[in-house]
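Colleague: Sequences are here, hints too, so could you generate the full structure?
Chains as they are written, first to last, in this note's numbering: chain A, 1 to 159; chain W, 1 to 284.
Note that these hints are calculated values from the structure, not bench results. Note that the structure is a prediction, hence the values are computed from the model and not measured. Hints may contain errors.
[Stated by the list, open to error] Chain A regions said to be covered by chain W (calculated; three or more residues, Cβ under 8 Å): (1) 20 to 33; (2) 41 to 49; (3) 64 to 73; (4) 130 to 144.
[Claimed, not checked] Anything over 10 Å on all C-beta distances counts as not near chain A; from chain W, calculated: (5) Asp5; (6) Ser11; (7) Thr32; (8) Lys39; (9) Gly98; (10) Lys139; (11) Ser155; (12) Ile168; (13) Glu199; (14) Arg221; (15) Val250; (16) Thr259; (17) Tyr262; (18) Ser282.
Note that beta-carbon positions come from the ideal geometry of N, C-alpha and C, so glycine has one too.
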Amino acid sequence: MKKRISFTLNGSRVFVTVDSHQCLLDVLRGPLRLTGTKEGCGEGECGACTVIVDDLAVNSCLYPAFEVEGKSVMTIEGLTGPKNKLDIIQEAFVTNGAIQCGFCTPGMILSTKALLDSNPEPSDEEIRDALSGNLCRCTGYVQIIEAVKQVAGRHKNKL
Amino acid sequence: MISYDYHQPQSLEEAFQLKQTIQGSLYISGGTDVMVRIKNREIHPRALISLRSIPKLSGVENGNVIRIGAMTTITDLIRDPVLCEHYPILIQAARKLGSVQIRNVATVGGNLCNCSPAADLAPPLLVLGAKVRLQGGRKSRDVPIDKFFQGPGESCLASDEIMTDVLIGSPEQNPKTIFLKKGRVKMDLAIASVAVLIETEGDRCLTARIAAGSVAPVPLRLSQVESLLEGARFSPKLLSDIQQLSSKSVSPITDVRSTKEYRRHIVGALIKRALEKLMGWSEA
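Modeller: Rendered as structure tokens:
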């Protein structure tokens with residue numbers, strides 16, 4: 001069963017024909033060629049495939065493609081500004097050494113983005129909770145949390 | 001290759017019709033359990049019937065009875081101000097369910113209909129005396145939640161029925177409630193979980209409702225433990241007896257998450273700890 005769906009992807013409207021058994025992750029990495037979103041476990045445990053759908057972080061590996069119709073999706077590719085300028089969260093990850101192999105990074109960054117957009121000044125506990133669905137097998141969690149705290153601080157300075 | 005059709009009915013009537021017409025079809029809500037079971041080739045549905053597009057199944061309505069639409073996501077449950085104020089035990093459990101990504105799509109009805117002995121929302125709903133509303137065709141019935149679960153993965157839900165609502169009666173006079181969960185890491189399924197609701201007068205326990213998850217084929221009330229507690233005065237000896245009786249009242253299994261011996265031990269310890277916290281004998 002196929003269906004042509006349309007949704008907003010990183011600010012632009014896209015049309016794509018998808019199969020009924022495909023997940024959002026398959027569609028992003030396949031026909032849409034956005035390979036920044038990673039597949040780790042494929043069953044909602046590791047968070048490597050995290051994207052933002054209508055302001056909420058979700059596991060794209062479990063999100064049926066048909067359900068994306070009419071929604072707004074942000075992937076890691078949508079965070080980078082003109083001339084490949086890094087987003088404030090990406091910069092903080094670089095500055096704090098919060099990246100080792102980098103496989104979990106897109107998911108970590110999108111979970112952080114969803115958290116800070118709804119809660120610009122999270123407590124340490126709230127940061128840990130927001131990232132509890134993202135696994136880093138290099139186990140660089142301390143630096144990752146430091147990076148998030150740094151961005152949260154910058155958000156504070158902006159106000 | 002795994003392949004299935006995917007239908008998105010806009011009404012319950014349309015959903016019932018699809019289920020009746022397509023053999024081997026399965027209802028799906030948030031999909032955080034069903035999609036994993038399909039990927040692991042544990043189930044092979046010919047078609048999935050998504051309940052996400054049926055508007056009347058989502059949301060929380062506040063009246064004499066609180067009505068929680070079965071398709072309400074765990075995140076929306078946590079954000080509901082009335083539930084946060086009057087049923088903190090349900091919110092405590094919801095916050096401990098999976099990760100943010102899971103809570104953003106997983107639903108109340110999905111958590112219950114999956115019928116896992118570890119369903120996080122089950123113990124609090126058991127002590128709150130909740131009912132679930134099941135609808136099949138034009139017929140609808142309300143089932144007390146302790147009659148809903150019938151075994152691991154099994155419930156009294158008929159194949160043509162959909163859970164539409166969870167119903168909770170008015171909050172009682174200032175009960176003290178707490179939900180405690182023991183898992184290996186934060187987003188894990190429970191090794192054991194307990195929900196405790198008590199009403200007290202001084203150091204005497206007037207009423208007690210205690211439920212536990214992951215320690216029997218179904219999430220269940222521990223009525224023997226409740227009987228021992230009701231009418232008794234709180235003392236270290238009573239709590240020690242409660243702990244022992246709790247451990248004896250359950251029938252856990254050994255699996256990847258824990259041994260049955262540890263589950264038996266931890267459920268008693270959790271119930272004792274819950275009572276200590278509720279009585280202000282230890283930090284909340």
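Colleague: With reference to the structure, classify each hint as holding or not holding.
Modeller: Tested hints:
no., hint, result
1, 20 to 33, "holds (count 3)"
2, 41 to 49, "holds (count 5)"
3, 64 to 73, "holds (count 3)"
4, 130 to 144, "holds (count 4)"
5, Asp5, "violated, 4 Å"
6, Ser11, "holds, 17 Å"
7, Thr32, "violated, 6 Å"
8, Lys39, "violated, 6 Å"
9, Gly98, "violated, 7 Å"
10, Lys139, "holds, 29 Å"
11, Ser155, "holds, 22 Å"
12, Ile168, "holds, 25 Å"
13, Glu199, "holds, 30 Å"
14, Arg221, "holds, 30 Å"
15, Val250, "holds, 27 Å"
16, Thr259, "holds, 22 Å"
17, Tyr262, "holds, 22 Å"
18, Ser282, "holds, 20 Å"
In the structure shown, a violation is registered for the earlier hints numbered 5, 7, 8, 9, in ascending order.
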